[in-house]
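This is what each chain is made of:
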Amino acid sequence: MKKNIIIVLLSVLFSLPTFADIVVVGNPALPDGLTKKEAKKIFLGKKDKYSQGDLYVIELSSTNPMKAEFHKRVTKKSLAQLESYWSKQLFTGKATPPLEVADANTLKATIAQHSNGIGYIDEADVDSSVKVLFKP
Amino acid sequence: MKKTIITTAVLASLACSAAYATETSDDIAQLKQQVNSLNSLIANMTKDSIHVSGFASGAYGISNNDAGYAGFDSEGSFHEDSLFGVQATFKPSKKLEATIQLVAKGELDWAPKVTSAYLGYTFDNDIKLRAGKLRLPLFMLSDYLDLGYAQPWARSPEEVYGRVPISSFTGIDASYEIELDDSYINLQAFTGNEEMGDESAAGGAGSVEDIIGLVASWNDDYWTVRASYTIATVKDVEFPVLGIDAGGNPITALPDIDSESGSYASFGVRYEDETWLVMAEATQTRVDGYFSDSNAGYVTLGYHLNQVMPYVSLARLETVDNEERESITHPVHGPAAANLTYERTSYSIGTRWDIQPGLAMKFDVTYASNFGDTNGGLAQSNTEDSTTVFTVKVDATF
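Listed in order, the protein sequences are those of chains A and B.
Each residue of the first sequence is one higher than the last, beginning at 1 in this note's numbering.
Each residue of the second sequence is one higher than the last, beginning at 1001 in this note's numbering.
Simulated from the structure, these hints should not be mistaken for laboratory data.
Only true hints are included.
The calculated SDA-like cross-link candidates involving lysine to any residue, where the alpha carbons are at most 20 Å apart (straight line), are:
{"id": "1", "chain 1": "A", "residue 1": "Lys88", "chain 2": "B", "residue 2": "Ser1053"}
{"id": "2", "chain 1": "A", "residue 1": "Lys131", "chain 2": "A", "residue 2": "Gln113"}
{"id": "3", "chain 1": "A", "residue 1": "Lys76", "chain 2": "A", "residue 2": "Thr63"}
{"id": "4", "chain 1": "B", "residue 1": "Lys1095", "chain 2": "B", "residue 2": "Leu1119"}
{"id": "5", "chain 1": "B", "residue 1": "Lys1235", "chain 2": "B", "residue 2": "His1333"}
{"id": "6", "chain 1": "B", "residue 1": "Lys1094", "chain 2": "A", "residue 2": "Pro97"}
{"id": "7", "chain 1": "A", "residue 1": "Lys49", "chain 2": "A", "residue 2": "Gly33"}
{"id": "8", "chain 1": "A", "residue 1": "Lys67", "chain 2": "B", "residue 2": "Gly1358"}
{"id": "9", "chain 1": "A", "residue 1": "Lys94", "chain 2": "B", "residue 2": "Pro1092"}
{"id": "10", "chain 1": "A", "residue 1": "Lys36", "chain 2": "B", "residue 2": "Tyr1184"}
{"id": "11", "chain 1": "A", "residue 1": "Lys88", "chain 2": "B", "residue 2": "Ala1280"}
{"id": "12", "chain 1": "A", "residue 1": "Lys49", "chain 2": "B", "residue 2": "Ser1183"}
{"id": "13", "chain 1": "A", "residue 1": "Lys46", "chain 2": "B", "residue 2": "Leu1096"}
{"id": "14", "chain 1": "A", "residue 1": "Lys94", "chain 2": "B", "residue 2": "Ala1131"}
{"id": "15", "chain 1": "A", "residue 1": "Lys40", "chain 2": "A", "residue 2": "Ser51"}
{"id": "16", "chain 1": "A", "residue 1": "Lys47", "chain 2": "A", "residue 2": "Thr96"}
Quick caveat, the model's predicted, so the values are computed rather than measured.
Use the sequences and the hints to build the structure in full.
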């Protein structure tokens, strides 16, 4: 009985939401061939070979759990490390952090307005307004 | 009869729920439309040509005695490490930007000071030129020293950063980033000058001129290695008048300085991954004449445990040109110059707690000792041979 409870508890613990299907999406006008290394550079506001730095990057806000998962996979930074990184970039005048939106719908709508718009969403939210560029 | 009632009741409830269903789907359609129009409104608002942001720190520190480490005494203070900063960046085009940053510090009675105010232009070859008031990047953290949120500790190592008389300069800089396969090299060259109100040792006021410096750093996902070298000339430093001597001449704390040249060198390394943080920096300050030449450095080790990062830190500061001051025998200047000879080692243990992105709380205990026969570079009157400072701090960025 005790064992069962432990198993139940463990399965609850390990079934916490996982986002197996995050995809980097962009305006359909963007070219194919985005790599993980370039994606990392883009979402840290660095120069990249994929677009020569000419992208409109859209982030999710920290309240969206997708953000932590995406950065864990792509930039290898925790939300606190990411925030610290951007505050350093911003207050030393190196770069300004990207626009943040709350959810996938707003992100897609923003990408639709910018032919160089790029962001990341749950694969389930992909529709014809965006193009999948990379799956981390 | 009973049947009819039941049927009516059932029908009525069905009709009701049907009506409710229609109403709900109408509502949803309407809401969807509103969401869509809001979405495009937000999307259109993304003209990010103006960016206003800020940072703030609130700290309380108290020492076990009045040695004066980092400005704290046994009474405790909310002032010494508390500050509020605000920055506005205007980007009329991709290449042109104008930035102003103001910082109000508790230790300066919250009087706001302009720490940056510049125009920046990025050329087609990616060289960025800035002109105006800029942060003086003498050492590894100098560029963002006031930004507590980006520092692991409650206080940046006092042995290196507590003695820099100026943090900004007026002039120009040029910077360039070289993209390697999976890392970057950053180069920065700068030149300019700056006035010192009373920031020099013993309250001296003067100017720092002909500042010329170079910074080179390499960084990848985890590592930053940085080296910098700066030369400058300290000019026309005058000290507060303490009295008049028998001959009617003013007595100052230290002899006035006409012109002395100096240099600042730094080599720093930072490593941070998901688990460990290691930071180390060695610095060297050289100034001709009786002003202190010093060597200073620190090593910090931190360990990430989810949102908490405990750390330990060791720092050392010592002057290396003590004999230059021993020859000063003037009754007033002699003791004042002796205060410019010092040595100190500090040991810190603390923790950083990331409450949420943009907000961190820090707890720190720093013990300083090994003053030799000096005052440890602390309060001039200090006779204690060690001191301990306890600090609680909240750092935010927004």
